[in-house]
Amino acid sequence: KVGMAPEPYPPFASMDASGKWVGWEIEIVDAIFKSQGMEYTIVPVAWDGIIPALTSGQIDTIMNSMSITDERLRTIDFSDKYYNTPTVIVAAKGAVASPDAEGLAGKIIGVQVSTVHQNYAEKYFAGSAAEIKTYQTQDEANQDLVAGRIDAVQADSIALDAFLATEAGAACCELVGAVKDDPEILGRGVGAGVRKGDDALREAINAGIKAIRADGTYDAITAKYFASSIYGD
Amino acid sequence: MTGTTNGVQAQPAERPEAIAVRDLRKSFGSHEVLKGVSMRACEGDVVAIIGGSGSGKSTMLRCINFLETPSGGEITIGGERVEMRPDGSPASRRQIERLRQSLGMVFQSFNLWTHKTVLENLIEVPVHVLKVPRAEAEARARKLLDRVGLAEKEGAYPAFLSGGQQQRAAIARALCMEPRAMLFDEPTSALDPELVGEVLAVIRALADEGRTMILVTHEMKFAREVASHVIYLFNGQIEEEGPPERLFGAPRSERLKQFLKSVA
Amino acid sequence: MTGTTNGVQAQPAERPEAIAVRDLRKSFGSHEVLKGVSMRACEGDVVAIIGGSGSGKSTMLRCINFLETPSGGEITIGGERVEMRPDGSPASRRQIERLRQSLGMVFQSFNLWTHKTVLENLIEVPVHVLKVPRAEAEARARKLLDRVGLAEKEGAYPAFLSGGQQQRAAIARALCMEPRAMLFDEPTSALDPELVGEVLAVIRALADEGRTMILVTHEMKFAREVASHVIYLFNGQIEEEGPPERLFGAPRSERLKQFLKSVA
Amino acid sequence: MIAFLRPRHRQVLLVAGAALVAWCIHALDWSWLPAYWPLFLRGIWATVWLTALTTVLGLVLAIPLGFAQAAGPWFLAWPALAFCTIIRGTPLLLQIWLIYYGLGSLFPQFPWIRQSDLWPILRQAWPYAVLALTLSYAGYEGEVMRGAFKSVPRGQLEAARAMGMPRLTLFRRIWLPQALRKVLPTLSGETVLQMKATPLVATITVVETYAVASRVRQDTFIVYEPLLLLAVVYLAIAAVIVLVFRHFERMVPTRTA
Amino acid sequence: MSTLELLALQPPGWGGNLLRGLANSIQIAVGAYGLGLAIGTAGAYGKIYGGPVLRDLLEVYTTVVRAVPELILILILYFGLTDLVNQILVEMGRDRIQISGVIAGIAVLGVVQGAYSTEVLRGAILAVPHGQIEAARAMGMPAGMLARRITLPLMLGNAIPGLANLWLIATKDTALLAVVGFSELTLETRQAAGTTKAYFTFFMAAGAIYLAITLLSQWGFARAERWARRGEPAVAAGAR
Ligand SMILES: Nc1ncnc2c1ncn2[C@@H]1O[C@H](COP(=O)(O)OP(=O)(O)OP(=O)(O)O)[C@@H](O)[C@H]1O
Ligand SMILES: Nc1ncnc2c1ncn2[C@@H]1O[C@H](COP(=O)(O)OP(=O)(O)OP(=O)(O)O)[C@@H](O)[C@H]1O
Ligand SMILES: [Mg+2]
Ligand SMILES: [Mg+2]
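Heads up: the protein sequence lines correspond to chains A, B, C, D and E, in order.
Per this note's numbering, residue 733 is the first one in the first sequence, and the count goes up by one each step.
Per this note's numbering, residue 5 is the first one in the second sequence, and the count goes up by one each step.
Per this note's numbering, residue 5 is the first one in the third sequence, and the count goes up by one each step.
Per this note's numbering, residue 320 is the first one in the fourth sequence, and the count goes up by one each step.
Per this note's numbering, residue 1010 is the first one in the fifth sequence, and the count goes up by one each step.
Rather than coming from a laboratory, the hints here were simulated on the basis of the structure.
On a predicted model such as this, the values are computed, not experimentally measured, just so you know.
Check each hint, because a few of them may be wrong.
[To be verified] Among chain E residues calculated to face chain D with C-beta under 8 Å, some are:
1) 1061
2) 1076
3) 1128
4) 1132
5) 1135
6) 1139
7) 1161
8) 1165
9) 1167
10) 1169
11) 1223
12) 1227
13) 1236
For glycine and all other residues, C-beta sits at the position ideal for the given N, C-alpha and C.
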């Protein structure tokens, strides 16, 4: 049983109007389990309840764009990563010179709460930036960037590319660039969460990821959704 | 009833006892309102309680049907002793509900239900508690309303009635239950002399039917005309009691003399 | 005051007029309660209004200080005519507030403020409306409470008082304003004979000070003793009026005779 | 305090409560607490002042809103009714969004606002949070106060009118106190609700206790412990609210039948 | 897609989903509100007439349940409790059970609503003049009937505004049930908005739906209040 939050997170996972799951992640899940010859069902559980659902056995794994971090590893286990997108800074036109501490000095930065981006921003920019504001969703951060309440946002490139493609985004803002990598925070990518000690499932998923990367299924699915690879290296 | 303290006349005691109170005590906090009051009323008796304002008359009436929890004493209604817990509260809710159904009460402040019309006030308990058929209850209620001169107000809500009209409705409501005994708390305070005469006639008729009445009143003339026994309450105690002719004609206690002086 | 209809005696009219009512009418919906009532009271007069329950006594009193909106007629207080809109409501809120401050009122249902203690009830208007210094108001209130025998209840909330105690508090509250005129709606209905005597004394003292009083009462004896003029209201009209001795001694109207019969 | 603890059952309750706390401390995972403690303190402070400020402001608004509906002329009653209906009829989250992203994003379009001294304030989120929460509380409590004003017995007001009490004095000394007294229990509940509504302002970047707890949960995937701490904090604030209202309620004794 | 297409009842329009979410929301709200009223009535009576132990227990109930966020209650009940029960069942060699998310949701929201309505009803009952209740008692009305025929109708006028607020809160609090995977109006709205990026359209649509519910409820509650206040003279009547 695979847990997915019904809160939409396109293009990775969302439900369409007829209640069908669609998205990159949905196809990847399907491919991984098919490759291992395993049956699965997708169970919708709200993000708030997804960890208790896992630990209490109502679902067996979470494959919902969940970033791997040290702190989380103390509570649950993760499979190997199955994607990892570059982290970029987008700012109001001309406001920020470079995607580093000097460039962001005195600026207000918006990030989505409890993401690796928040952790990164707090580690590298907290000293120089005026403030780091946390938003519940990336969309809200983007909206405030448009409204001029914040100077820059930090997020993964996929979300911000989509934002810059919109009319409002194109009008106000520009891509400043990717931040310097920190393998401790950004390098681990997104993995499938499993109950601590459920090694059989974890190994199976790892094997599945290896298999679909090896036989090209992964790249085929990715090509349907994205212009470039999102596996990261 | 027999005046136990000042029992002057030996009555033929063939009538059964209706309400008896023994050594009733009641305190509100540290304020002792009733300091041991005893009383006995047989069927057909009309006992009038008189006394100064704040002497505990209403409290006594309210204790008899346990609207107040007595602090001590004993109450017998229709020969049945009310079971009390050590703290004075009634031990059996069932018993107290049953006994109350045989006791009509007219409150000093009327207490008509504001969300019901006059007619609905009258038939409420007969229909829903005593299970009298509605048509029968309504007929009885209309007759009573007619008798107290409220026939045309049967559809009015209490808030739109004059003081005297409310009081008459309250009396009719108590009568509509056809109780075996009635507790009246100043039932004529808001009535004009004509209506007082009417209420007097009603009480006499009820007494003749063998019903028992205990009534608190400030109108000595009324007490004198209607009562078979009068109790003078002073400061939570019975100061003097006896048949009305004796009590009003030849009061013994200084206080009662003083109290009655202004009436003469 | 002079009885305009049955004006028998020609009084020396040297005292100024205090309250005058001309052709007062009041309907509730289609029910006409007052059908043209006129009345005049000079300073120091005590006018008693008697009449059957529901005859419109309270309504008349309430119209005088505009708690009810008259349907027609004219009201003059202290020589000042109350300005009325065509619909009978007072035209000037200021005026009506000012006039009311000189009118004390005791309600038939007391209407003590439940969220204030007895003492607070008494000093509320003197302190917050008439701007009497609090200490002075309290002293005056305590004296009044003492006079009506409520000294020890000054800290009690109205819900915990007996009926008579509430009525006395209401009387004291009206007196505490030191009004030039008083409207009493059955001020002794819940009082024992002793206290009735006390209230009578208070009213006499006030009249001697030149204050005017209009009082509704059911106690003919009380009306006889205290009033300088009596009005008998029947069915929303003045059936008969005159000085008490004449009215009670030799009533002319059949209805009044009937009404008084039960008193004798 | 000693009197409070005298009844046997209170001692039992207290022991049971203490045992529960001891078990929680012993059996659950609190290793994350030191790292997040300063954040929690800031969150608690935000919860407290947001709740306190918006309930006071909201009540001040609610009183005229309720009074206009209960006894006002139609041209005051209708707008008040419309306001209360719209506030109560739409989710608070939507209102917060509209005020912050709608109203708030209008301002930057005017350069003179951006240049003015107000901009540093308007640029922040908390003024919008306070505004939205205040209006919400006013809307709900306006309805409550409407009923309260209506249920003051007429005789109580007539007594005051008969003595020539000016309208404002009557309102201040008789009508309002009696109305408030009737709804104190309701208001205490609504105030606790207001406290629990404050987390919604996290969507506009105001960080309070709930947001901190959520953050801990997302960061560490520890499920129950941050929420328990949150519950304890809320419980403490709610207890204060309940006690304050209970105190007001006890100021005038009620005669119960 | 145009706004109309977005809101169409058939997929790919989201209108049908919104309406289904609405139906679910109302179902939960009605259940929770009803349960809350039942608990609230009992709680209010317990607080007024109960013994000291019952009163203190109810005080703990109302304070704790009102203070603790609903999310915690539902997590503990739905996940924690079932987990515990299942562990015990497995120990005993029985099958695992699975409580329905809807029932859990109604139970949690109902218990919370109960705590709020306890206080609303307590205040309303205390505002009933004591004489009205005594009159019924003096005529021997049994306690249950007294509550049904006298106290509750009389206090309704005082309680309705507070109860109306609670009902409106109940209709919105159903958002909580997303945690147990139940799709109600809020969740459907978020899905529609997030998937199509047409935030404004869908939030306005949801707002309009809520407003419609409110207007309808307002009308119903106003009628109930008029009925409850029959016999009460208008407070502002008479000269000012
Ligand atoms: N607010 C009201 N709405 C409708 N009818 C009313 C209202 N107030 C009084 N009435 C009616 O007007 C008539 C006169 O009432 P009023 O209170 O003046 O009588 P009253 O002479 O004071 O009688 P009582 O001696 O019983 O107090 C009564 O029939 C009463 O039912
Ligand atoms: N619920 C109460 N709490 C506290 N004190 C009370 C309560 N009810 C009555 N009292 C007090 O008890 C005393 C007796 O009251 P009670 O009502 O019995 O007097 P009463 O004889 O009926 O007087 P009245 O003729 O004025 O009605 C009064 O001093 C009163 O203040
Ligand atoms: Mg009494
Ligand atoms: Mg009258």
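Going down the list of hints, with the structure as the test:
no., hint, result
1, 1061, "holds (6 Å)"
2, 1076, "holds (3 Å)"
3, 1128, "holds (4 Å)"
4, 1132, "holds (3 Å)"
5, 1135, "holds (5 Å)"
6, 1139, "holds (4 Å)"
7, 1161, "violated (14 Å)"
8, 1165, "violated (10 Å)"
9, 1167, "holds (5 Å)"
10, 1169, "holds (6 Å)"
11, 1223, "holds (3 Å)"
12, 1227, "holds (6 Å)"
13, 1236, "violated (14 Å)"
Checked against the numbered hints above, the structure violates hints 7, 8, 13; every other hint is satisfied.
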